[in-house]
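Guided by the hints, dock chain B onto chain A, whose structure is given.
There are 2 protein chains.
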Amino acid sequence: MTDLLVNGLAQPGLPADDRGFLYGDLLFETIAFKDGRAPLWAWHWQRLSVSSERLGLVRPSEALVLEECLRLAGSRHCVIRFTLTRGSGGRAYTPPTDPVCRRIVQRRPWPDSIDRFRHEGMRLLTSPVHLASDSVLAGMKHGNRLEQVLAARECAQRGGDEALLQDTQGRLVEAIASNLVVVIDGLTLTPATDRAGVSGVGLAWLREQPGVALETAEITVMDLARAEEVLVINSVAGIRPVTAVDDHRFAIGATCRAWQRLWSERVGT
Amino acid sequence: MTDLLVNGLAQPGLPADDRGFLYGDLLFETIAFKDGRAPLWAWHWQRLSVSSERLGLVRPSEALVLEECLRLAGSRHCVIRFTLTRGSGGRAYTPPTDPVCRRIVQRRPWPDSIDRFRHEGMRLLTSPVHLASDSVLAGMKHGNRLEQVLAARECAQRGGDEALLQDTQGRLVEAIASNLVVVIDGLTLTPATDRAGVSGVGLAWLREQPGVALETAEITVMDLARAEEVLVINSVAGIRPVTAVDDHRFAIGATCRAWQRLWSERVGT
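Chain order of the listed sequences is A and B.
Each residue of the first sequence is one higher than the last, beginning at 1 in the numbering used here.
Each residue of the second sequence is one higher than the last, beginning at 1 in the numbering used here.
Quick caveat, the hints were computed from the structure, so don't treat them as lab data.
One should not assume that every hint holds.
As the list claims (entries may be wrong) - Partial pick of chain A residues on the chain B-facing surface, computed with a CB cut under 10 Å:
#1 9
#2 11
#3 12
#4 14
#5 22
#6 28
#7 77
#8 81
#9 83
#10 125
#11 131
#12 143
#13 145
#14 149
#15 151
#16 223
Stated by the list, open to error - Derived CB-CB ranges, DEER-like:
#17 B/10 - A/266: 50 to 56 Å
#18 A/214 - B/34: 57 to 63 Å
#19 B/74 - A/113: 28 to 34 Å
#20 B/98 - A/100: 36 to 42 Å
The beta carbon of each residue, even a glycine, is placed where N, CA and C say it ideally should be.
Okay, chain A solo, but in the shape it has when bound (with noise of 0.2 Å):
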């Protein structure tokens, strides 16, 4: 059984001249499937249009697309990694006047730590790897992630489960994979992601709830002291609490349990 379709073809391997493998010239999401569904289709199709605009990649049809992925996906529950590349050709960096792209389809397995993280929360370090701010490429999810590589690695040498990400002035951003919601003063506020970070799914699916009203703000590190509750969300593991950022610890709150609930009831991933 494959685990890979490249233009929907059951394949062993990628084009080695491929853009995205040469300059990380592609755009991705990475989709929870369960039972024959991706719940956040919708919000993953947005943001891959917005994104392949700003880009000019060319958009195939979102049926072939979902069909694709189903056909990897099958009725597991799983993670399908969907990728458009601009394909080959064009002159170095120069690409291709009307590009070719290519659709890479990847299945991987239902990560288990998803479960615990969800019930007992992660502890967050800062990362001393910075974000570059005012980035053109700023709230696309692109394949120019070696900021994230970087950040993981030093994470998972001091042992974190996850890292907090800073811009280059100061700001917070997101975590490495996730995006960052705290709870100050009763409000729920999140960082803006127009000048460097991802424009998240699950952020997306989640302002869209009844009740729910996200505020961007500008927030650092020191405001972090005054939170009342810190938590990540991204659209495969959903919302997780964070019960520490360095030293400083936080509870559980009731604001993530509530909708935590929401995302079982609604998503159910």
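Chain B in isolation, oriented as in the chain A frame:
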């Protein structure tokens, strides 16, 4: 005949779980070969060594890499891309503790346009795509090159030969695929690449040549108005005069022609 080696073996493609493809988790060198020699090999290897230390990639032996590159190059006048990826494995962004790095060698034909550009010069545009400054990745030739791809796409759409990139603070950094040298008041100036940009191999070679006194300086687009000469340099195309930046024209000067003679004598690719 193959034009791709993966860990020394001829292969039809790449493993789809390679972190180079997934995250741009790689370094590369684009190396000019001629008559079975790479005259700038030592400078390429030096940059790769420093950068692999920074990223935590495990460096293969220099002799092994050179042998593999030469196997593909033969006696051709060609360009070899040597890529060192962090290989497969790890948990998403978190790399394996002891990565088994992958060596990928690819061959490209020698670009036709180089001779003409060296002789006639290039018309540059200032790019609206700014490089994020203060990047933790600055200086390295890594696989996260979407900023360059976007700049190259925009430049091609407007008909430029190359484009000048500024950082998000408005300082000139480099051209898309070359470093920048500006002659002002008889001084030869080049921007720093420790906050954004690539530490170029051609420039590193140039710095070591007798009689060459390059100074690192902050340069803005405005400063170009009083430049006597402008030129760009990279390890493959060598030294090319800039005859225009946007609507401002420059004569091809004595510094450029002298350095081109030096290049011909000592590099010869």
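Outcome of the hint check:
1. 9: With Cβ-Cβ at 13 Å, over 10 Å, it is violated.
2. 11: Nearest chain B Cβ about 8 Å off; hint holds.
3. 12: holds, 7 Å
4. 14: holds, 5 Å
5. 22: holds, 8 Å
6. 28: holds, 8 Å
7. 77: violated, 17 Å
8. 81: Since chain B brings a Cβ to about 8 Å from residue 81 of chain A, closer than 10 Å, the hint holds.
9. 83: Check passed: Cβ of residue 83 of chain A comes within 8 Å of chain B, closer than 10 Å.
10. 125: Check failed: Cβ of residue 125 of chain A comes no nearer than 13 Å to chain B, outside 10 Å.
11. 131: holds, 8 Å
12. 143: holds, 5 Å
13. 145: holds, 4 Å
14. 149: Hint holds; residue 149 of chain A Cβ to chain B Cβ min 5 Å, cut 10 Å.
15. 151: holds, 8 Å
16. 223: Status violated, d = 22 Å.
17. B/10 - A/266: 50 to 56 Å: Since the Cβ atoms of residue 10 of chain B and residue 266 of chain A sit about 51 Å apart, the hinted range of 50 to 56 Å holds.
18. A/214 - B/34: 57 to 63 Å: Once the Cβ atoms are compared, 59 Å apart, the range 57 to 63 Å for residue 34 of chain B and residue 214 of chain A holds.
19. B/74 - A/113: 28 to 34 Å: violated, 49 Å
20. B/98 - A/100: 36 to 42 Å: Holds: the Cβ-Cβ distance is about 38 Å, inside 36 to 42 Å.
Hints 1, 7, 10, 16, 19 from the earlier list are contradicted by this structure; the remaining hints agree with it.
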